[in-house]
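> Could you put together the complete structure from these sequences and hints?
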Amino acid sequence: MKLLRYGPAGHEQPGLLDEHGTLRSLAGKIPDLDAGQLAPASLARLAALDPASLPAVSGTPRLGMPFTGTRKFLAIGLNYADHAAESNLPVPTEPVVFTKAISCLQGPNDEVMLPKDSRKTDWEVELGVVIGTTARYVEERDALEYVAGYVVVNDLSEREYQIERGGTWDKGKGCDTFGPVGPWLVTREEVGDVQNLDMWLDVNGERKQTGNTRTMIFGVATLVSYVSRFMTLEPGDIITTGTPPGVGMGQKPEPVYLAPGDTIRLGIEKLGEQRQTVHAWRRR
106 MKLLRYGPAG HEQPGLLDEH GTLRSLAGKI PDLDAGQLAP ASLARLAALD PASLPAVSGT
166 PRLGMPFTGT RKFLAIGLNY ADHAAESNLP VPTEPVVFTK AISCLQGPND EVMLPKDSRK
226 TDWEVELGVV IGTTARYVEE RDALEYVAGY VVVNDLSERE YQIERGGTWD KGKGCDTFGP
286 VGPWLVTREE VGDVQNLDMW LDVNGERKQT GNTRTMIFGV ATLVSYVSRF MTLEPGDIIT
346 TGTPPGVGMG QKPEPVYLAP GDTIRLGIEK LGEQRQTVHA WRRR
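The opening position of the sequence shown corresponds to residue 106 in the working numbering, with each subsequent residue numbered one higher.
Because the hints were derived from the structure by calculation, they are not lab data.
Among the clues, some could well be false.
As the list claims (entries may be wrong) - Below, computed lysine to aspartate or glutamate pairings styled on DMTMM-like, alpha-carbon distance capped at 25 Å:
id: 1; residue 1: Lys-357; residue 2: Glu-191
id: 2; residue 1: Lys-357; residue 2: Glu-265
id: 3; residue 1: Lys-225; residue 2: Asp-367
id: 4; residue 1: Lys-375; residue 2: Asp-215
id: 5; residue 1: Lys-375; residue 2: Asp-307
id: 6; residue 1: Lys-177; residue 2: Glu-339
id: 7; residue 1: Lys-375; residue 2: Glu-250
Bear in mind the structure is a predicted one, so any value in this text is a computation, not a measurement.
So, in structure tokens, the structure goes:
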């Protein structure tokens, strides 16, 4: 099942994508796709609906965040050995956990805005894990049962802020527009083996990243179990799980960063694609 929200920012409606690629409205069935709708029982009720009985949505509306109610946007750093190498950093022996501000969350195709005075804004295609059931101290063997589904995430990063400005990584990770999510949430059962999904990212039509989730250092079940030891994971929380090599910081012979007018396209097998245009900072 592919769940989504569509419409103008702040006025999104719930929907789903049927097997033929038609967008269907869920507005008459649920008020919104919020964190409460990600529980197993709620997802089962939605899965029992006949998509053909739902109204088709005309045109190509904007897609928003696939769900609402996220309270924690957590990220895992250096979770692909070849990305650690291009970053000139050692392969971690435990997951590297940091946070992205929930204020950076946005729709999958909304514009990306460079922070004011940014010089090193970078791209990162990542698999996002969406929690559906409250998780604390869960065993790895049971961890996937707490997952509602998966999403594409572009973990945009300002490398100067992240690395050169002191303190933690967080200040380079949570800038406005740095968290495109979607286009839809694909439920766990539909995805199947989450540790074998191809992923890619292009900048201005040139392939920059190619990878597969099978090369993660720490798999999804390990990450959910691990993070649940340090904080309670709640429905709607997102864990974005690291990026394969090919980020701008690792380009040879010199790093390459995003500039106004650039376009980014990225996707993950079974989870759909995103497309963003990069703009200079402006007051919203």
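> Give a verdict on every hint.
Hint check:
Our distance criterion of 25 Å between C-alpha atoms is met by Lys-357 and Glu-191, whose separation comes to about 10 Å. This hinted pair checks out: Lys-357 and Glu-265 have alpha carbons roughly 18 Å apart, not beyond 25 Å. Only pairs whose Cα atoms come within 25 Å are accepted, and Lys-225 paired with Asp-367 is accepted, the gap being roughly 14 Å. Under the criterion of a C-alpha separation no larger than 25 Å, the hint pairing Lys-375 with Asp-215 is consistent with the structure, at around 21 Å.
Note on Lys-375 and Asp-307: the hinted pairing holds, with a Cα-Cα distance of about 18 Å set against a maximum of 25 Å. Pair hint Lys-177 plus Glu-339 holds up; C-alpha atoms about 8 Å apart against a cutoff of 25 Å. Of the pairs offered as hints, the one joining Lys-375 and Glu-250 holds, with about 19 Å between alpha carbons and a cut-off of 25 Å not exceeded.
The structure is consistent with each of the numbered hints, conforming to all of them.
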